[in-house]
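The task is simple: from the sequences and hints, build the whole structure.
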Amino acid sequence: MTPTTFTIIIPVHNEAENLAGPFSSFIKWMNTRGEVVFGGLQNVEILFAEDGSTDHTLSLLHERAREFRCDVRIIHSAKRLGKGGGFKNGFLQARNDVVILYDSDLSVSPDQLSALKHKMETGCDIVIGARNAAGSRIVSFPTFIRFFYGKVLYLLAKFLFFIPFKETQCGFKAFNRRRVKPVIHELTLSGWLFDLELLLRAHYHRFKIAEIPVVYKYFKTSKIHNIKDPIQVVLDLLILRAKILPYYLILPTWFKRLFKKE
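Under my numbering, the first residue of the sequence shown is numbered 48, with each subsequent residue one higher.
Just so you know, the hints here were simulated from the structure itself, not pulled from any lab data. Please read these numbers as outputs of a predicted model, since none were measured by experiment. There could be a bad hint or two in this list.
Derived Cβ-Cβ restraints for the label pairs, each shown as a range [said to hold, decoys possible]: (1) Arg288 <-> Ser71: 22 to 30 Å; (2) Arg288 <-> Asn61: 27 to 35 Å; (3) Lys255 <-> Thr235: 34 to 42 Å; (4) Thr101 <-> Ser161: 21 to 29 Å; (5) Asn179 <-> Thr235: 22 to 30 Å; (6) Lys213 <-> Ser187: 17 to 25 Å; (7) Gln140 <-> Arg184: 30 to 38 Å.
We put the beta carbon where it would ideally sit given N, CA and C, even for glycine.
In structure tokens form, the structure reads like this:
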């Protein structure tokens, strides 16, 4: 039986500080535990989606890439694409069966990649790491403003789209590449809300989506801008609601049944 192969996409933008320090633990994990988890390092590749960094992230990536024992590729974009744009660019260049989205700040420790892998191997199309799922644990808590933005975003998404998920924004997800690739081509948002659009479209296509609990650690470094980002997020939500997804497609199932002809 041919083993499942994995591409781990790590979006990076101005991450020199993380790459120089904390990221060493991920390299060490991949070179040791990763071989066991993925059934051999020949079954996994790391793909860095470098997104128009203005610090020395790109040069650091080339240095750190040589420390991995598995295949590593770096996709560089001279202009800023946004986290979603960078992930989409990486996804379309991924070579393996399963694509994993993994945030470079290691908010979710690499030890949890094993649970993500095993859940995907049960036949799921998408697996989401959910910070508020039963069994999840928050090791260190976010700043008030980050907590506030996160809650408001989730409540707005719940209200506008009746989302059936406990979590959409955690940077710890796995995708069946063949199944999800057509949805990637449909994406219109390239910023923070690309996850939400991807999951909504996948849900509409009746993909099998599962959530797993995570142990999550918030870091003080945050790329949320006090005014600009929240405004853009709200605008993206409204665009997604009004123009991208027809209203009927996102109505709750029980409401649709009222109008279904027998």
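Check each numbered hint against the structure and report the violated ones by number, ascending.
1, 3 and 4
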